[in-house]
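Peer 1: Here is how the chains run, residue by residue.
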Amino acid sequence: MPAEDEFDKLWRRIKEVERSIREYVEDEFRRALEDVRNELRSINRMLMPSWSHEGYLRPLYTVKDVGRAYIIYIDLPKVDEGTIDVRFRNNLVMIRAKLKEGLKISSWSGRGGEVKFHEYREVIELPVRIDPSKVRVNVKRSRVQIVVHK
Amino acid sequence: MCVEVYREEFLGEFRFVEYRPFRLEKPAYAVVALPDAGLVGVIGAWHIVKSLGLKEVGGIDSYSFLPPVIVVSNKEIKLPVRIFAKDDLLLIYSEFMLPQAGMVQLSRILLNYVERKGVEYVILMSGIPIQNRFEVEKLRTYYITTSPKASELLKDIEAIPFENGYLVGPYALLLKESVKSRLDSIMIFTESFLEFPDPEASARNIEVFSKITGKSIDVKDLLEQAEVIRIRARDTMKNVVRNLAQMRKEYEYTPPLHI
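Protein sequences appear in the order of chains V and F. The numbering used here numbers the first residue of the first sequence as 1 and each following residue consecutively. The numbering used here numbers the first residue of the second sequence as 151 and each following residue consecutively.
Among the hints, erroneous ones may be present.
Stated by the list, open to error - Anything over 10 Å on all C-beta distances counts as not near chain V; from chain F, calculated:
| no. | residue |
| --- | --- |
| 1 | R157 |
| 2 | R173 |
| 3 | P218 |
| 4 | N262 |
| 5 | F284 |
| 6 | E285 |
| 7 | D334 |
| 8 | S366 |
| 9 | E377 |
| 10 | D385 |
| 11 | R392 |
What the hints assert, rightly or not - Pairs of lysine-lysine, PhoX-like flavour, derived with a Cα cap of 20 Å:
| no. | chain 1 | residue 1 | chain 2 | residue 2 |
| --- | --- | --- | --- | --- |
| 12 | F | K305 | V | K78 |
| 13 | V | K98 | V | K116 |
| 14 | F | K326 | V | K140 |
| 15 | F | K305 | F | K326 |
| 16 | V | K78 | F | K370 |
| 17 | F | K388 | F | K365 |
| 18 | V | K116 | V | K78 |
| 19 | F | K267 | F | K205 |
| 20 | V | K134 | V | K116 |
| 21 | F | K288 | V | K64 |
| 22 | F | K388 | F | K236 |
| 23 | F | K388 | F | K305 |
Claimed, not checked - Pulled from the structure, derived: some chain V residues nowhere near chain F, Cβ distances all over 12 Å:
| no. | residue |
| --- | --- |
| 24 | W11 |
| 25 | F29 |
| 26 | R30 |
| 27 | R31 |
| 28 | I74 |
| 29 | K100 |
| 30 | R143 |
No lab work stands behind these hints: they were computed from the structure. All residues carry an ideal CB built from backbone N, CA and C; glycine is no exception.
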């Protein structure tokens, strides 16, 4: 085999190795970035009060990846189930729901002044773009299950 | 206002304080309620405190393992881990979750403390998370005991012996330490949510607790107030979930490889 062919072969091999290293590093970097993002999001969620002076409560929720779908569970105690409003935009799930009756936090802790809560509000981010035609929403005993098919 | 200290004791990194002298009738029971799945233990324990009129007799603190926090209750400054007692019942209650190292030490020290207080049976109540809790309405209650003497108390009681599986978290440590200290302990746990407060599961545990101890505790009020409790417990639950994830609580969903 001529030396030029040998050199081309070696050069192609180097390029292949370089590409796979680059892809590996990019992949790892993307994953690490996603981990940091998730960690920051979770710290942010932890530090964010679960209620706002504007008169709304933030519900507890959890997102499970079950392979074919993401399942979101939202805990909405004291909710008026007829008012649960779930909307989707890109990869966001937006929930609003009215409480059966106004609630005052001051009667529990002495804090919060005269703030009265009338509704729940939350925005949940999913890692995929949501197709609303592939979403199922169930409500049971003031808890909501949203199945978002991938 | 600060409550008076009757007795103070340093055990490891923990400070035990008693606000007044107390003696337990025999046979004495101790309930240890710590945050875990669905806050089932602490919600249930608080209902027991209210229903039986338990008095706050002491508290536990630690500068190493607990956040720099005080509890203000009816204008009085109390320690973060609270000790209640009445007649034959001692109840230790915390809404704060300790890091794993602290939990190991506290489990050992707590059981030593209750033993010295003359407690005969330790009752641990918690939730066991199930993935389909959203659908399930009739909750099953399981139990584990550390001795035949403790198992005797569960005769004719509507609870299923927990046969195979993993338990993860503070109660797993308390059970391990109970075995080590040869204490007669009973763990009762009802199917529950992991990430949402679950007063319905607490009510089920209390029904079993009532039968074991012969104490009549009505759970009607707890079930009626369930939605309010779920709202009030949101922030505590949020903080606990993070710690449970660090303890690898999801192992409880795993079936053991070999039985």
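Peer 1: A separate judgement is required for each hint: does it hold in the structure or not?
Peer 2: Results of checking the hints against the structure:
The Cβ of R157(F) lies farther than 10 Å from every Cβ of chain V, with a closest approach of about 31 Å, so its non-interface assignment holds. For R173(F), the non-interface assignment is confirmed: its Cβ lies about 34 Å from the closest Cβ of chain V, beyond the 10 Å cut-off. With a least beta-carbon separation of about 16 Å from chain V, P218(F) lies farther than 10 Å from that chain, consistent with its non-interface assignment. Non-interface call for N262(F) relative to chain V: holds, since the shortest CB-CB distance, roughly 33 Å, exceeds 10 Å.
Here F284(F) does not stay apart from chain V, with its beta-carbon only about 5 Å from theirs, under the 10 Å limit. Not every beta carbon of chain V lies more than 10 Å from that of E285(F), the smallest distance being close to 7 Å; the non-interface claim is violated. Non-interface status of D334(F) relative to chain V is upheld: no Cβ of that chain comes within 10 Å, the nearest being about 36 Å off. Non-interface status of S366(F) relative to chain V is upheld: no Cβ of that chain comes within 10 Å, the nearest being about 27 Å off.
For E377(F), the non-interface assignment is contradicted: its Cβ lies about 4 Å from the closest Cβ of chain V, within the 10 Å cut-off. Listed as a non-interface residue, D385(F) fails to keep its Cβ farther than 10 Å from every Cβ of chain V; the least gap is roughly 5 Å. The Cβ of R392(F) does not lie farther than 10 Å from every Cβ of chain V; its closest approach is about 6 Å, which violates its non-interface assignment. A hinted pair counts as satisfied when its Cα atoms are at most 20 Å apart, and K305(F) with K78(V) does not qualify at roughly 38 Å.
Proposed proximity of K98(V) and K116(V) is supported: the alpha carbons are some 12 Å apart, at most 20 Å. A threshold of 20 Å between alpha carbons decides the hint, and for K326(F) with K140(V) the separation of about 37 Å lies outside it, so the pair is violated. For the hint pairing K305(F) with K326(F), the CA-to-CA distance comes to about 23 Å; that exceeds 20 Å, so the pair is violated. Note on K78(V) and K370(F): the hinted pairing holds, with a Cα-Cα distance of about 17 Å set against a maximum of 20 Å.
For the suggested pair K388(F) and K365(F), the alpha carbons sit about 32 Å apart, so the restraint of at most 20 Å is broken. Among the hinted pairs, K116(V) with K78(V) is consistent with the structure: their alpha-carbon atoms are about 14 Å apart, no more than 20 Å. Annotation: proposed proximity of K267(F) to K205(F) holds, straight-line Cα distance about 16 Å (limit 20 Å). Taking the CA atoms of K134(V) and K116(V), the gap is near 36 Å; set against the 20 Å cutoff, the hint is violated.
Between the alpha carbons of K288(F) and K64(V) the distance comes to roughly 23 Å, so the proposed pair goes past 20 Å and is violated. This hinted pair does not check out: K388(F) and K236(F) have alpha carbons roughly 32 Å apart, beyond 20 Å. Taking the CA atoms of K388(F) and K305(F), the gap is about 37 Å. The hint is violated against a cut of 20 Å. Every beta carbon of chain F lies more than 12 Å from that of W11(V), the smallest distance being close to 48 Å; the non-interface claim holds.
Against chain F, the non-interface label of F29(V) holds: every CB pair exceeds 12 Å, the least being about 24 Å. The claim that R30(V) lies off the interface holds: its Cβ sits roughly 22 Å from the closest Cβ of chain F, which is beyond the 12 Å cut-off. Residue placement check: R31(V) keeps its beta carbon more than 12 Å from all beta carbons of chain F (closest about 18 Å). With a least beta-carbon separation of about 9 Å from chain F, I74(V) fails to lie farther than 12 Å from that chain, contradicting its non-interface assignment.
With 12 Å as the threshold on Cβ separation, the claim that K100(V) sits away from chain F is violated: the shortest Cβ distance comes to roughly 9 Å. Consistency note on R143(V): stated as away from chain F, yet its beta-carbon is not over 12 Å from all of that chain's, at 6 Å minimum.
Of the hints listed earlier, those the structure fails to meet are numbers 5, 6, 9, 10, 11, 12, 14, 15, 17, 20, 21, 22, 23, 28, 29 and 30, in rising order.
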